[in-house]
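Chain by chain, the residues run as shown.
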Amino acid sequence: MNTAMNSHQAHFIAHAATLPGHDSALIHASRQAAMQRFMGMGFPTRKLERWKHTSTRVIAQTVYRHVNPGCVGLDPADLDPHLIARQGIHRLVFINGLFVNSLSDMSALPGGVQAGSLARVVNESPGVVAGCIETFPTGDDQGFSELNHALWPDGAFVHVSTGTRLTQPLHLLFITTASREPMITQPWNVLIFGSDTHALVVEHYVTLGHTTHHLTNPYTSLILDDRAHVHHLLLLGERLPANHVGTVQVTQKAGSHLGSHLFANGGERTRQEVHVTLAGAEAECALDGLFFASGRQHMDFQTSMHHACGHTRSRQLYKGILDEQSRGVFNGVIRVPPGVHHTQSRQTTANLLLSDTAEIDARPQLEIHSDAVQCSHGATVGSLDPDALFYLQSRGLDVNAARALLIHGFAEELLQRVAPAEVRGWVGRSLNPGEGVRDEDRPGIV
Amino acid sequence: MNILEVRDLHVSVMHKPVLRGVDLVLHGGGIHAIMGPNGSGKSTLAHVLAGRDDAQVTAGTMLYQGMDVLAMTPEIRAGAGMFLAFQNPVEIPGVSNVRLLKEASNAHRRYLQLPEMDAMTFRSQLQDRARRLGLADDWLLRAVNVGFSGGEKKRNELLQMLVLEPHLAILDEIDSGLDIDALTTVAEGINSLRDAQRAMLLITHYPRLLDLVVPDKVHVLIGGRIVLTGGPELAGQLEARGYGWLAEEHS
Ligand SMILES: Nc1ncnc2c1ncn2[C@@H]1O[C@H](COP(=O)(O)OP(=O)(O)OP(=O)(O)O)[C@@H](O)[C@H]1O
Ligand SMILES: [Mg+2]
Numbered sequence: 333m334n335t336a337m338n339s340h341q342a343h344f345i346a347h348a349a350t351l352p353g354h355d356s357a358l359i360h361a362s363r364q365a366a367m368q369r370f371m372g373m374g375f376p377t378r379k380l381e382r383w384k385h386t387s388t389r390v391i392a393q394t395v396y397r398h399v400n401p402g403c404v405g406l407d408p409a410d411l412d413p414h415l416i417a418r419q420g421i422h423r424l425v426f427i428n429g430l431f432v433n434s435l436s437d438m439s440a441l442p443g444g445v446q447a448g449s450l451a452r453v454v455n456e457s458p459g460v461v462a463g464c465i466e467t468f469p470t471g472d473d474q475g476f477s478e479l480n481h482a483l484w485p486d487g488a489f490v491h492v493s494t495g496t497r498l499t500q501p502l503h504l505l506f507i508t509t510a511s512r513e514p515m516i517t518q519p520w521n522v523l524i525f526g527s528d529t530h531a532l533v534v535e536h537y538v539t540l541g542h543t544t545h546h547l548t549n550p551y552t553s554l555i556l557d558d559r560a561h562v563h564h565l566l567l568l569g570e571r572l573p574a575n576h577v578g579t580v581q582v583t584q585k586a587g588s589h590l591g592s593h594l595f596a597n598g599g600e601r602t603r604q605e606v607h608v609t610l611a612g613a614e615a616e617c618a619l620d621g622l623f624f625a626s627g628r629q630h631m632d633f634q635t636s637m638h639h640a641c642g643h644t645r646s647r648q649l650y651k652g653i654l655d656e657q658s659r660g661v662f663n664g665v666i667r668v669p670p671g672v673h674h675t676q677s678r679q680t681t682a683n684l685l686l687s688d689t690a691e692i693d694a695r696p697q698l699e700i701h702s703d704a705v706q707c708s709h710g711a712t713v714g715s716l717d718p719d720a721l722f723y724l725q726s727r728g729l730d731v732n733a734a735r736a737l738l739i740h741g742f743a744e745e746l747l748q749r750v751a752p753a754e755v756r757g758w759v760g761r762s763l764n765p766g767e768g769v770r771d772e773d774r775p776g777i778v
Numbered sequence: 216m217n218i219l220e221v222r223d224l225h226v227s228v229m230h231k232p233v234l235r236g237v238d239l240v241l242h243g244g245g246i247h248a249i250m251g252p253n254g255s256g257k258s259t260l261a262h263v264l265a266g267r268d269d270a271q272v273t274a275g276t277m278l279y280q281g282m283d284v285l286a287m288t289p290e291i292r293a294g295a296g297m298f299l300a301f302q303n304p305v306e307i308p309g310v311s312n313v314r315l316l317k318e319a320s321n322a323h324r325r326y327l328q329l330p331e332m333d334a335m336t337f338r339s340q341l342q343d344r345a346r347r348l349g350l351a352d353d354w355l356l357r358a359v360n361v362g363f364s365g366g367e368k369k370r371n372e373l374l375q376m377l378v379l380e381p382h383l384a385i386l387d388e389i390d391s392g393l394d395i396d397a398l399t400t401v402a403e404g405i406n407s408l409r410d411a412q413r414a415m416l417l418i419t420h421y422p423r424l425l426d427l428v429v430p431d432k433v434h435v436l437i438g439g440r441i442v443l444t445g446g447p448e449l450a451g452q453l454e455a456r457g458y459g460w461l462a463e464e465h466s
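First to last, the protein sequences are chains P and V. If you count the first sequence from 1, you need to add 332 to reach this note's numbering. If you count the second sequence from 1, you need to add 215 to reach this note's numbering.
Mixed in with the good hints, there may be bad ones.
Far from chain V, some chain P residues (derived; all Cβ distances over 10 Å) [stated by the list, open to error]:
1. Arg-452
2. Gly-463
3. Glu-513
4. Pro-573
5. Gly-627
6. Arg-695
7. Pro-696
8. Ser-715
9. Gln-725
10. Ser-726
11. Leu-729
12. Gly-741
Label-pair restraints from in silico Cβ distances [as the list claims (entries may be wrong)]:
13. Gly-714(P) to Gln-340(V): 40 to 48 Å
14. Arg-324(V) to Leu-380(P): 34 to 42 Å
15. Ser-687(P) to Gln-342(V): 38 to 46 Å
16. Glu-403(V) to Asp-437(P): 56 to 64 Å
17. Gly-236(V) to Leu-572(P): 37 to 45 Å
These are calculated hints, taken from the structure and not from any lab test. Bear in mind the structure is a predicted one, so any value in this text is a computation, not a measurement. Beta carbons are placed, not taken as given, at the ideal position from N, Cα and C, and that holds for glycine.
For reference, chain V alone in the conformation it holds in the complex (with noise of 0.2 Å):
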């Protein structure tokens, strides 16, 4: 069974279209890469498969492990085994990061009818993950996101990928703000998730992260639709000639 099956989808924010007529496939231990130009509906496509409602969609399906994903809310996509990385995570004061950790993974476990784990089980493998991704001690009990820099809160999201283990996990630009050392911690804990039974969506806009995780296609976004679709190599060819050759063909 495919791990996402997106047909046709048409998405308007604010009424306006933004998606005109996505399709895309994903199998079990499939990554694809998402590049395209500012404004072309990448974080848009992200946001409608995690449920956000300020999305509209007009037209299409999507299905998720064969399930109308359309019919689940947020939360049940999420106990599903759905994850977004955000390309902007929100801060939340006065929750702190293990308490998210706790709360989500608890109701990961509930929507999986397990027993919730107990604390110290649970932290410590929250403190194995944490070290792995280069996070001092006391990340976990700072606030959600709270004065993070940019490349801190892209390390938050990973950890939090981590820790929910999904079967689909969509990335939107996880690698911007990253420095050079922090691209390769954040590119090993992506790999490390990598199997036949999970796909990934890989939102970039930089071919650095699919040298170290290696996607199997490359679509190209713009305008709201797959104007192309190649191997790995095309990241290159794009950081190469921008995405100006494509848009007049397709405009």
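Chain P with its partners taken away, still in its complex shape (with noise of 0.2 Å):
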């Protein structure tokens, strides 16, 4: 064990009469145990399979600073540049991981919606996060979500009843802000949607002003009821410095539909696991992913599929960009227990290395125990076509122009699953190096 580790500890024996729930023995119970399976854990290390390209040497070394309310200082319009344009947006905003209720903006949520800070339903309704509690995924390689749940301050709530249709997108922003020293922000976000909902949320981690290093250990609870119709985008922007260790644990019912769209170009290591549980005839889920890479980033993203009824299906497509020395590492897995049958899975992943020193480890992992089942899969890396980058050289497009049109190319088709349209360009425009600044030297997405 080590000091780190015990700073972690310290701080909940420090904290653990005051964190949210701390009234409710449900809450408590969970967060005890979480702590102690992580005391025993640890940090997971590249001896387990699943983390075997990412190290957490610097994140286990590192004596964080648990939440700093930093929004000291904070000018209203510096979230401007992480808005979406679009009239009637829902937004909660969170800073360092702790909702703020000054810079959220729920004025024109419908009836049947309920929106805002976890801390403050969970204080007065503990009861409405057990069926979460229930679905959080165990294993050796869950320290950091181990971590989550024992330390969690705040986070998103949302609850959309049945019936209820959210027509305009959902925007949940978090930022950190500007730190001397290493600051750990740990929401847990509970998403519940209720039978026949339709909902877009849009997830959205960003970083405001210059950090030090610091660690966004975000988990997300999203359950579908049965027919439930949701979209949810997960933007990961923080700027450099930064990791971003984050969690995704899906359960979806009878009939529901998941389109679950992944972007991230920002820091220094990512790592995001989306676990996905369709537990009901007739459920379907669309796990998406894009990111882009460059310098010395380090982006690792872990799905698993779990076919857990008959007539499910499934379908994954997760693509890659890296630049200069970044790495990648898409790993999913399907699974499908004996006894179930009919179900449909495909899970594609396609990477562009735009560097000979770029890399990508990609691989599908099938545990299929079934036969009565259909599944396929691929991945290919491949870098910018010679051929497509002449021909538009021959249509008088510079280098660099016909480098960003192909890079463009290839991104599109992600892209083009965003609706509506305000939210697809500005997802696209989110994605661009430079935030806005145009850096005509390095290819944008868009």
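Dock chain one against chain two, each of which comes alone in its own frame, and use the hints as you go.
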């Protein structure tokens, strides 16, 4: 056990009595158990199969400061570059993991939708998260999610009740502000969609100002009840010294549909897990991911698709664009247990290497224990097509413009799946390096 | 001034000599055709004019409007008014025709130090030209050449040419894969651009195109050399006799 782990435990001991839900036996027990498991397993190491490409050494040796309510001196105009320009958007803003009411806008939320601070909801009625606690993944590689379960100080709570259609996007904006010492933020987001609901939720991570190394360790629980139809956008756009280790856990009931769209271009080290359990017949899930890494960025994406029920369908498409000395990992597991029949699953990963020194490890992992299934997978790695580059140059585009257009073309397939158009355009612009300042020498995605 | 002047051009591809002393002079208003057997170096000539870097010029000169072509990058050649319609147009997933045409046209206007065209004018001109070529309205939103039939790809090349209005158009087998009606449409498109300031080089295997776009000269390229030059009637003679007799004379 090291000083860094001890510091997390010390924080837990010192604050257990004040953390959200401290009055509730359920929450307290959940935190306590998670802390114990975390102390038992520690941070994952590269000896673990699903962590073999990503080192947690720096994180495991850093003593982080927990939660800094750092919105002092924050000008609401600082948020502007990160906002979606569309009338009627609902917005929850979190600074360093804590909900900030004054920056949020829920004035147009329709009846039947509850959205706000998880801390507040749990203090009032802890029972609402019981279902989510049951779905926490277990395993000796879950050190980061255990740490979140033990220590989360706040996060988003969204509840869309049966039959409600949320016609406007709900933007959950998580901002890390400048800090001098390493800081950790650990929101837990609970998003519950009742039967026959429709919604688009954008979960979005950014940095304001210059920070030192900091760690964002969010955990998001998504529950889709029967026939819920949800799109979840996850945008990872933190600045360079950031480390981001996130987990999304999805449970889908019968006839529900989830479109999960991940877009990542930020952070020094990014690790995102997306776990989906298809728990009811005719549940359908599409997991998409697009990541863009350059410099010495390291990005590691792990998906697991668990067909717990027959007559379920899943499809995955992850695309990586890697430049300079960046490193990417995609590892997707499809799991069909014995006795589960008539499932369809497809997994594709395509990667574009823009330099000789960029690297990608992309592989599917199939754990299919049933015969009556359809399953396909494929992985490709390539570089920009010289014939296409020449074709564009022969039409008058200079090399940089030609490269940028080809990269845009590669990314477009995933951007096209995002609707409405304002959100799509906004995602495209957010992905461009330099945050709006067009750097002609570096390829942008759009 | 000549639009194109090629002198004693030698080109190797992968260290293999492909063009072995080509001379070619095109005046304003001139249309020349190049015919010749498969593998004789026609596309290589087209590529080297457009600036493809896997073809190495080992000797000779190329001047476009008096400028040394070899000193120009492919995009500068395009900006200066050279255009190649590819024998095998490349598929570009995720990039729409309208996007490519807009970027190409803007690059061209920047080269000429003209302001960018406003989006509305550009679109309406484009739609107009696309309709003239018999292209459906959703054409412009489709990804460049992706899933296009052979003939559709050729019509798309022609559309690009009509938008960019080049001064030297090199059309590498623009007629192959076209149905009879499409051939007529394409020929009309080519003829519409014909004027005293422009020149064209038509690479083809079939005299039919040359009946519709009548060239001043027909060259026969065999083994990397122009072995015979004649008037438009030469195309028909070649159709009747093949290349064998010429190949024997020049082997
Ligand atoms: N990238 C390459 N690598 C190797 N050889 C090549 C390459 N490109 C062209 N060649 C060779 O150069 C020669 C000339 O090819 P080119 O494409 O210019 O012929 P062509 O006259 O256009 O033929 P076609 O009528 O079939 O289009 C051929 O022998 C071809 O195999
Ligand atoms: Mg050819």
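Hint check:
No beta-carbon of chain V is positioned within 10 Å of the beta-carbon of Arg-452(P); the least distance is around 44 Å. For Gly-463(P), the requirement that its beta carbon stay farther than 10 Å from each beta carbon of chain V is met, with the minimum near 40 Å. Once the 10 Å rule is applied to beta carbons, Glu-513(P) is consistent with being away from chain V; the minimum gap is 43 Å. No beta-carbon of chain V is positioned within 10 Å of the beta-carbon of Pro-573(P); the least distance is around 32 Å.
Against the 10 Å criterion, Gly-627(P) stays outside the reach of chain V, whose nearest CB is about 25 Å from its own CB. For Arg-695(P), the condition that its CB be more than 10 Å from all CB atoms of chain V holds, with the nearest at approximately 23 Å. Every C-beta of chain V lies more than 10 Å from that of Pro-696(P), the closest at about 22 Å, which supports listing it as non-interface. Chain V leaves Ser-715(P) outside its interface by the beta-carbon criterion, the shortest separation being 15 Å against a cut-off of 10 Å.
Under the 10 Å C-beta cut-off, the non-interface status given to Gln-725(P) relative to chain V is violated; the minimum distance is some 4 Å. Some Cβ of chain V comes within 10 Å of the Cβ of Ser-726(P); the nearest lies about 5 Å off, and the non-interface call is violated. Against the 10 Å criterion, Leu-729(P) falls within the reach of chain V, whose nearest CB is about 5 Å from its own CB. Non-interface call for Gly-741(P) relative to chain V: violated, since the shortest CB-CB distance, roughly 3 Å, does not exceed 10 Å.
Against the hinted window of 40 to 48 Å, the Cβ-Cβ separation of Gly-714(P) and Gln-340(V) comes to about 36 Å, which falls outside the hint. Under the hint 34 to 42 Å, the C-beta atoms of Arg-324(V) and Leu-380(P), about 57 Å apart, miss the expected range. As the Cβ distance of Ser-687(P) to Gln-342(V) is approximately 40 Å, the hint placing it in 38 to 46 Å holds. Take Glu-403(V) and Asp-437(P): their Cβ atoms lie about 58 Å apart, and the range 56 to 64 Å holds.
For the hinted restraint 37 to 45 Å between Gly-236(V) and Leu-572(P), the CB-CB distance of approximately 57 Å leaves it violated.
Consistency with the previously given hints fails for numbers 9, 10, 11, 12, 13, 14, 17, ordered from lowest to highest.
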